[in-house]
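S.K.: Line order of the protein sequences matches chains Y and L.
Here the first sequence stands for residues 1 to 520, where the numbers follow our numbering.
Here the second sequence stands for residues 1001 to 1408, where the numbers follow our numbering.
What the hints contain is simulated information worked out from the structure, not anything from laboratory work.
C-beta atoms are modelled at their ideal positions from N, C-alpha and C, and glycine is treated no differently.
There could be a bad hint or two in this list.
Here are the simulated distance ranges between beta carbons [unchecked claim]: (1) A1113(L) - V316(Y): 50 to 56 Å; (2) T311(Y) - Q1171(L): 53 to 59 Å; (3) A298(Y) - A1113(L): 32 to 38 Å; (4) E47(Y) - R1020(L): 21 to 27 Å; (5) D123(Y) - E1070(L): 54 to 60 Å; (6) H1110(L) - D344(Y): 40 to 46 Å; (7) P1167(L) - G421(Y): 56 to 62 Å.
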Amino acid sequence: MNALLGRIEEVISRGDEQFDIAFTAIAVQPDLRPVPDWLKDQRLTIERYAADVREIGVPGDSIPLTVAESTRFLTPLTAEPAVCVADETVVKLRLRWHASGASPSYKVTANGRLVAGTFEKNDTDFVATVDVAPLFPQGVSRATAVHIAVEKLSVSIPVIADEASGEAAVAAAGGASRRLWNDWYSVDILTERFGGAIASLRERGRDIDHLALRTDRIPASSYNGFHVDRLRSGWGWDDRMKSAAIKSAGSRPTSLGVRLSLDGIVDEGSGIRTSAAYTLYYALPLLSYGREYPIGPAKPLEGDKPTSPKTPIDAVIDTGMGIRTSTRTDDSAPHASKVLVVQDGALRTYRLARARRVHDAPLPKIEQGWILSEHASRSEWMLHLFDPISNPVLSIDLSPGYMVVEPYFDKLPLTAGESAGYSVGITAGEAAGASERGAWVAVKRRIEGGIAVGIVARLAPDAGNLTAQVQLGAILEVVPLKELATPFGTVHYAVVDFIGGGVDKAVHAQVAGIGQRGAQ
Amino acid sequence: MNAFSPRTFSTDWELSLLTRNLRIAENRVIGGIAGQLSAETGLPIHMDTNSVELGLGVNNSLAKVWKRIEDVTNRASSLAAAYECDVFPVASSPVEGFFNASHVHVGTLHDEAVGVRLERALMRYTPVFAALGANSPLWNFQPLRYKSYRVLRFAHYCTNPTEPRDPFTAQAAWGGDASPKLFGVPTLEVRIIDCASSRRMLAELSTFVAAYVQMLASREIDDSVDEASYMEYLNNRWLAARYGMQATFSWQGTPRPVAEIAGEMLDECGEALADLDTSRHDLGIIEQMVQKRICQADLALDIARRYDEPYCLLAAYAKRLRDWNAFEEYLASAPVLEPAPALTRADVLDEHESQIGSGTHFYVSRFAMSYPGPQADAVISELVESRRIVREVTPDGGIILSRSTSAV
C-alpha cells in the first residue's frame, strides 16, 4: 500500500511522549510520486509517540507516514457498493478527511442528471446515503458510471446492466483502472502505470483478491501487489515499463469474453510501443492476455547528429521480455508458499529461504508451459499458462512479505518495423494439483441454489484420463474434461454445478489423475 | 626493526548523504561534494558507490586523526546541509541494499611478504575488530537478526573471508578482511570494520587497530594456519556478525567472550599505542564498549524496536545520528549486555539449514558461514543423514537441496 512522505511544519508536545506533527505532503511512497491534488498545500496532522523527540525531527525535516496513517489522506472519499448493478439505487459515501473540518457538500451525476446534498458528521468521518434512482428515470440499459464529486475529490462507480460479465472504468486505490468481470472473477487492470498491469484478481465466490497488498507496510518494491510485464536489456530488468502510461483503452464483447485493449508508448527514444489485449472468458475462470512490443522508428535526441557510418548491428534493440507476479507470503508460515513447475520431465518445487543474489545459479526453463504459485496456508493458488512452444526461463525471488515469480523469455535482436510478444493465461483459486503430467486449479462461484466449481488445467500431451473428479461436501461428481485452444496453448476445463452446496464447503478434486495439493 | 616504519595509520570512511526525500544521494551528485571537501582539506576524499569516501590522510596519533575527523565531518555536515541533505553515517540502511565501511589503513609497509604473513596472523583477530565495529543490523527490510549484515554478506564481495596465502606464491589481491595493499598505498588495510556512526569511536578504533597490527609486526609473526584454526576464524567471524560485542568466540579451542579478548588485546598493545602517542586510557569509548559488551549496532536496534515501518525507522535513525555523540550517549546509559552462548554444532546446522528452502542450489548454503567445500559438504551430509533436508542431483540444475516435507 502507498503512504505519504511529508515535510514537518510544527511539532507540538502533548506530554507523556505524545506529539502532534503538522506537515505538508510532498510525495507518495514508495516511488516518490506526486501528491494528489486535494492534498497540495494542505496542512495535515498526525499523532505520534516518540521516546526521543529528536527522532521526530524539526520543522523542515521530512516525516514518513505509515500506511495506516496515510490511508485517510490518500483515499479520503469512498463509495459503496464498488459496482452498482442495475437495480441498486442506494450509494453510501464516506469522507475520512476534509480540509476544513466542516460538513462539505457532494454532487452525484450520471446521464447528465444531478443529485446533490451535504455530508453529516459521525464520530470519526463524514457520511452520506444517496438515492441515485433519480439519475436513471428510464432504468439502466447500458454500462455507465455514477460520478461523485466533493470539491477536488472524485470517485466513480461503474453501473452495469448485466452483473454476469462486463468492463468498466473504475477509480481504484492504485489509480485509474479498467475492471473486467465474469461470474468467477473481478479483474482490475491499472492503466496509468506499468503499461497496463493487473492490480487485482478477485474470486467473486470467496471474495479473495490473489494480488492483495499487505496493508501493514510500505512495499519494498513498487512492483509488489501487481502482475506486470517487463522489459530486459543489458544484464537485467529495466524500469521503462514502470512509467509507461496507456494512451488508449477500449473494450468490446467477443464470442469468448469481453476483450479490453490497451495501447501506449514505452520508450520514444528507442521507438518501443506496447499494446495488450485482455479477455476474461465468459464461462470460465480464466483470464487471457497478449502483450506486444512493436518497434517503430527511433526518435533521435535533440541535437544528436550521427557522427559515424551506421552498420546493421547498430540498429538492433536488445529486447527481452518477461512478467513479474508478486503474491503475499505469510510471516507465520513461510514454508507454505512455493512455486511448482515441470523441469527435466519431473515435478520441481521451489521455495526461497532468502532473496536471490546476483551470483545465485540460474534456474532452467519450465516445460509444458505452466507455473503454479502456491500459498497453502491461505488456500490460494495461481496458475500461469504459457505457449509450450516458447517456454520461459523460470526465475523467482523473495521481496519482504511477497513471493515473486518473474519468468522471462529468451532475448531477441529487434529492429524498427519488427515486433515481439507473448500470450499468458491466468487462473486462480482455492485448490490445485500438480505433477509431471500437468497442473490444475479449481475455483468456486455462487449459482442459484448452490455452487459451481470451475477447473482449468494444463496437461501434458500424453496425459490420458481426461476426467475430473470433483467433490463438494458429500457429493462427488465425475465429469469429462473439455479441450480449449487458446493463444497460450491448449487448456482443459470443466464446470460442475452443486445444487445445495455452500461457498464455505471445501473443494476436493482430482483432475486427469493429478491429485490435489495438500489433500488428506 | 618493525615492518611498519614510520608508524602511521588512517581510515577511509564511507559516508552516504541522505536527501530530504529519505533517499541516498546518487553518485552523479556525490562526486562534486567529495571534490569540494578534498580541495578544502587537502585530504584524499573521493567518490565511492553512493558515498563520499573520507580518506583521512597519514596520521601518527589518536589526537591527530581525531582532529582531522572532527574538522572534516563538521565541514561535510555543513556542506550537506546546504543541499538539504544529512550526512548519514551508517553501514547499512533499513530500506536499501548498500553497505558502507570504515577501512583502517596501517602504515607504513613496504615488504609485501611480511604483509601476507600478517594477513594470515590477523585471521585470529579480525573477527574481534568486526565485533567492535559491528554497525549494520538494519538492512534492506531484513529481520533484526544480525548485528552486521555487512560482514555476513561480505559487503557484496568487497570484504571476503581471508584465504591463507603463501608469500612466495601470492598474487595481488584485494577485498579480504585484512590484506596488504601495496599496489595502492604502503599499508596493510583492515577492511572488515563497518562504517562508524560515532566519529570519536572511529578515531579510537582505528588507533587501536593500527597499534595492534603494528604490535604483531614487532615480534615473531605467528602466521600458522591449519584447518582447526581456519574454521575457528570463520566461526568467530560469523559470531561477530551475529552478536557483535556479545559474541562468545572459540579461542584456541576454548570459549571466550569477545569482550574479554578485546580487553586483553588492548593491554597487549600498550607499547604500540604509546608509539602512537596514545594509551588505553585515551580509548574511553572502546573501554566502555568492552565493559558493557555494546557495539554501535545496539543503538540502531534500540531505535528499531520502536518502529515497525522501515521508512519510519530510517527517518528516526537518520535524525538521531545527526548528533555525532548519539552512540556515546546511548552507551553511557545502556545496561550491560550478557554474552551470547558459545557456538554449537546445532547452531551451525541451523544456520546452514536456514538458507535452504525447496529446490535450493547447494552452493547457496555455502554462504551461510563461508565454510570451504569439504566442511560445507559435511554440514549438508549431516543435515541429510538427520533427514532435515533432501539432496538431489538434477541433469540441468546440478545438486539441489530441499527441506524434508516432514520438517516443512
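S.K.: How does the Cβ-Cβ distance of P1167(L) and G421(Y) compare with 56 to 62 Å: does it lie in that range?
M.R.: holds, 59 Å
S.K.: Note whether the CB distance of A1113(L) and V316(Y) lies within 50 to 56 Å or breaks it.
M.R.: For V316(Y) against A1113(L), whose Cβ atoms are near 51 Å apart, the range 50 to 56 Å holds.
S.K.: Per the hint of 53 to 59 Å, is the separation of the Cβ atoms of T311(Y) and Q1171(L) within bounds?
M.R.: Between T311(Y) and Q1171(L), where Cβ atoms are some 40 Å apart, the hint is violated.
S.K.: Can you tell me whether the CB distance of A298(Y) to A1113(L) sits inside 32 to 38 Å?
M.R.: Given about 57 Å between the Cβ atoms, the range is violated.
S.K.: Do E47(Y) and R1020(L) keep their Cβ atoms within the hinted range of 21 to 27 Å?
M.R.: The hinted range 21 to 27 Å holds for E47(Y) and R1020(L), with Cβ atoms some 23 Å apart.
S.K.: Using the beta carbons of H1110(L) and D344(Y), state whether their distance is inside 40 to 46 Å or not.
M.R.: Given about 57 Å between the Cβ atoms, the range is violated.
S.K.: With 54 to 60 Å as the target window, see if D123(Y) and E1070(L) comply at their CB atoms.
M.R.: Taking Cβ atoms as reference, D123(Y) and E1070(L) lie about 55 Å apart, which means the hint holds.
Checked against the numbered hints above, the structure breaks hints 2, 3 and 6 and satisfies the rest.
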